[in-house]
Amino acid sequence: MIHPTALVSSTAIIGERVEIGPFTIVHDNVVIGNDVRIGAHCELGVANHLSGGRPLSIGDNSLIRSHSVFYEGSTLGAELVTGHRVTVREGTIAGRNLQIGTLGDIQGHCRIGDYVRFHSNVHIGQKSVIGDFVWIFPYVVLTNDPHPPSEHLVGVTVEDYAVISTMSVVLPGVTVSRGSLVGAHALVTRDTEPAMVHVGSPAKAVCATSKIRLQDGSERPAYPWTSHFTRGYPEEVLSKWRGEES
Amino acid sequence: MIHPTALVSSTAIIGERVEIGPFTIVHDNVVIGNDVRIGAHCELGVANHLSGGRPLSIGDNSLIRSHSVFYEGSTLGAELVTGHRVTVREGTIAGRNLQIGTLGDIQGHCRIGDYVRFHSNVHIGQKSVIGDFVWIFPYVVLTNDPHPPSEHLVGVTVEDYAVISTMSVVLPGVTVSRGSLVGAHALVTRDTEPAMVHVGSPAKAVCATSKIRLQDGSERPAYPWTSHFTRGYPEEVLSKWRGEES
Amino acid sequence: MIHPTALVSSTAIIGERVEIGPFTIVHDNVVIGNDVRIGAHCELGVANHLSGGRPLSIGDNSLIRSHSVFYEGSTLGAELVTGHRVTVREGTIAGRNLQIGTLGDIQGHCRIGDYVRFHSNVHIGQKSVIGDFVWIFPYVVLTNDPHPPSEHLVGVTVEDYAVISTMSVVLPGVTVSRGSLVGAHALVTRDTEPAMVHVGSPAKAVCATSKIRLQDGSERPAYPWTSHFTRGYPEEVLSKWRGEES
Numbered sequence: 001m002i003h004p005t006a007l008v009s010s011t012a013i014i015g016e017r018v019e020i021g022p023f024t025i026v027h028d029n030v031v032i033g034n035d036v037r038i039g040a041h042c043e044l045g046v047a048n049h050l051s052g053g054r055p056l057s058i059g060d061n062s063l064i065r066s067h068s069v070f071y072e073g074s075t076l077g078a079e080l081v082t083g084h085r086v087t088v089r090e091g092t093i094a095g096r097n098l099q100i101g102t103l104g105d106i107q108g109h110c111r112i113g114d115y116v117r118f119h120s121n122v123h124i125g126q127k128s129v130i131g132d133f134v135w136i137f138p139y140v141v142l143t144n145d146p147h148p149p150s151e152h153l154v155g156v157t158v159e160d161y162a163v164i165s166t167m168s169v170v171l172p173g174v175t176v177s178r179g180s181l182v183g184a185h186a187l188v189t190r191d192t193e194p195a196m197v198h199v200g201s202p203a204k205a206v207c208a209t210s211k212i213r214l215q216d217g218s219e220r221p222a223y224p225w226t227s228h229f230t231r232g233y234p235e236e237v238l239s240k241w242r243g244e245e246s
Numbered sequence: 001m002i003h004p005t006a007l008v009s010s011t012a013i014i015g016e017r018v019e020i021g022p023f024t025i026v027h028d029n030v031v032i033g034n035d036v037r038i039g040a041h042c043e044l045g046v047a048n049h050l051s052g053g054r055p056l057s058i059g060d061n062s063l064i065r066s067h068s069v070f071y072e073g074s075t076l077g078a079e080l081v082t083g084h085r086v087t088v089r090e091g092t093i094a095g096r097n098l099q100i101g102t103l104g105d106i107q108g109h110c111r112i113g114d115y116v117r118f119h120s121n122v123h124i125g126q127k128s129v130i131g132d133f134v135w136i137f138p139y140v141v142l143t144n145d146p147h148p149p150s151e152h153l154v155g156v157t158v159e160d161y162a163v164i165s166t167m168s169v170v171l172p173g174v175t176v177s178r179g180s181l182v183g184a185h186a187l188v189t190r191d192t193e194p195a196m197v198h199v200g201s202p203a204k205a206v207c208a209t210s211k212i213r214l215q216d217g218s219e220r221p222a223y224p225w226t227s228h229f230t231r232g233y234p235e236e237v238l239s240k241w242r243g244e245e246s
Numbered sequence: 001m002i003h004p005t006a007l008v009s010s011t012a013i014i015g016e017r018v019e020i021g022p023f024t025i026v027h028d029n030v031v032i033g034n035d036v037r038i039g040a041h042c043e044l045g046v047a048n049h050l051s052g053g054r055p056l057s058i059g060d061n062s063l064i065r066s067h068s069v070f071y072e073g074s075t076l077g078a079e080l081v082t083g084h085r086v087t088v089r090e091g092t093i094a095g096r097n098l099q100i101g102t103l104g105d106i107q108g109h110c111r112i113g114d115y116v117r118f119h120s121n122v123h124i125g126q127k128s129v130i131g132d133f134v135w136i137f138p139y140v141v142l143t144n145d146p147h148p149p150s151e152h153l154v155g156v157t158v159e160d161y162a163v164i165s166t167m168s169v170v171l172p173g174v175t176v177s178r179g180s181l182v183g184a185h186a187l188v189t190r191d192t193e194p195a196m197v198h199v200g201s202p203a204k205a206v207c208a209t210s211k212i213r214l215q216d217g218s219e220r221p222a223y224p225w226t227s228h229f230t231r232g233y234p235e236e237v238l239s240k241w242r243g244e245e246s
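Protein chains in written order, with the numbering used here: chain A, 1 to 246; chain B, 1 to 246; chain C, 1 to 246.
FYI, nobody ran anything at the bench for these hints, they're computed from the structure.
Watch out, some of these pointers could steer you wrong.
Copies of the same chain look alike in the list, so a pair counts if it fits in one copy or across any two.
Within a straight-line C-alpha distance of at most 25 angstroms, the following computed SDA-like cross-link-like pairs (lysine to any residue) qualify [to be verified]:
(1) Lys-211 / Asp-191
(2) Lys-240 / Val-129
(3) Lys-211 / Pro-194
(4) Lys-211 / Val-31
In this text the structure is predicted, and so the values were computed from the model without any measurement.
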């Protein structure tokens, strides 16, 4: 299941039933779990002096799509799913079932929880700390330098269940609080309020997320989104959510 | 004209005089017209359960530049031209002479007319409907989810001859009307007015497009742009435009 | 040091101690200096009728990371460093030690000085003119068409030591003046004032850059940034800066 054109180091540790696509390169310092599929034209385990010699570790049941690049020194949990051309630098630790859309750029030294979804083309700056069940939409940038360029990087924190919409920027050191929603094209300069909607540049809290109604004709509240959006989450998560609702 | 390192499925249907570059992969369910050039490091016809078994179809006289990825289940008309690293997902139907700049991401299930130009790094969300002779500039995002994340996607409509400038976001379900111009770094929250300029966040109509003058010393009106910009369009289109003017 | 899977033209001029990675293509009209490392899956020297037959020239001691594409007809000085998947079109002349982050897109016909740093995913429009020691952060776009689409392109000018923060757009013909700082998510519609901070959409000058203090506990001024940020610059540059300070 390793394509004959792939270049796989003999020192890489490859699990059972792993597929590796054409023209993909797997370097020395890589550990890949079981039942992982890796697309074409990827490069895994790029050596880097910032990785401290730690391997790239990819969890079981993961899917990495074509043209993606992962550095050594990061650990991604089970059920990772990526789009095409993602980049993951060194020093990042992510939980289970992280999704990174096409062109996503995880700059390294981030902490990412479980079941996080990055849509296409997000830029997660170094030292970001991201909770569980977070959604980040296209062209969002999490920054980290309060006075660029400098050596004093302060990451963004995104708490559980928060949602950041398309083309928004979060300034260094800011916390996007639990269950808050950042609207599209916003500049988040201060910590958001939990379960509140924030829009504009600079972003301001405008209402509770519970005020937003589904436009599917049901008129049900759209938030917390866990009340209606369940695609891709396992039964154990869904039952936890049902427990929180009742 | 198929490079010896390319991997081309024997079941793919390849036209006459087709060039396929080094390290490019063409999967089973692909139909390529005549006189098509495909660059290096591409992957065409990526299988996907959402494609309904339909092939990827690329029209005659097309040019696909390197590192691009096309899924099965989309149909692109004749004279497609792409930059590098474009992604086209399944279920999209595009007319003739679509241009997609480098890093463009067409998310799938879109309808795109004839002679549409996407500059670099646009993100065309699922269910977008785009007319003829539309221009979309870098880092524009057409969104589709009114309350993310949800299952209720409502695409953007962009009508004929509309222009959307750099780094603007169009919210779900909004129509960018015929011949309207969206300025750079705008957030379009409501339908635009035909042949009007819209700027800001949220975007507001500020004047007729005809008020904008060419800065080339001629002082002629810059809009409709068809009065002065003709590069790349065939004589049949130009004569149609001349007919509309007179 | 040329990987056996790389495809290197016999007419390309390759310096001493050059490494070329797997699956990389070097076309005919390319001149590579000494001690250059080129990653995997790159394509160098893409032929183009706009290049006037001039070669792609890469200076000594450069590093080009994987999946990058360079056209013929551009000249990059010594110590170029790129991230992954950068694109450099024809007709650009850059000085020494240019850094281009992952996904950077240099559209061609640009002039770029010495020691310029582009962070990830910048879009440098055609005809941009960039001085020395400039910093441009992710998702910044330098535009060039005052009334898109048109044939009358007017590039942006960015003067020495200027800094443009994340997700900002600079309109055509605008000058970002020496030592000025553009905040995140700004729309720069007019020339900025030297050594002033500009924020908002449209961007306005709000204070002198010298008012910004380092958040590292030192309370020292954060600008000019050369007073505290020295990583990656050679001793000859640092001694020049020390001379300017005193």
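| In ascending order, which of the hints set out earlier in this document are inconsistent with the structure? | 4
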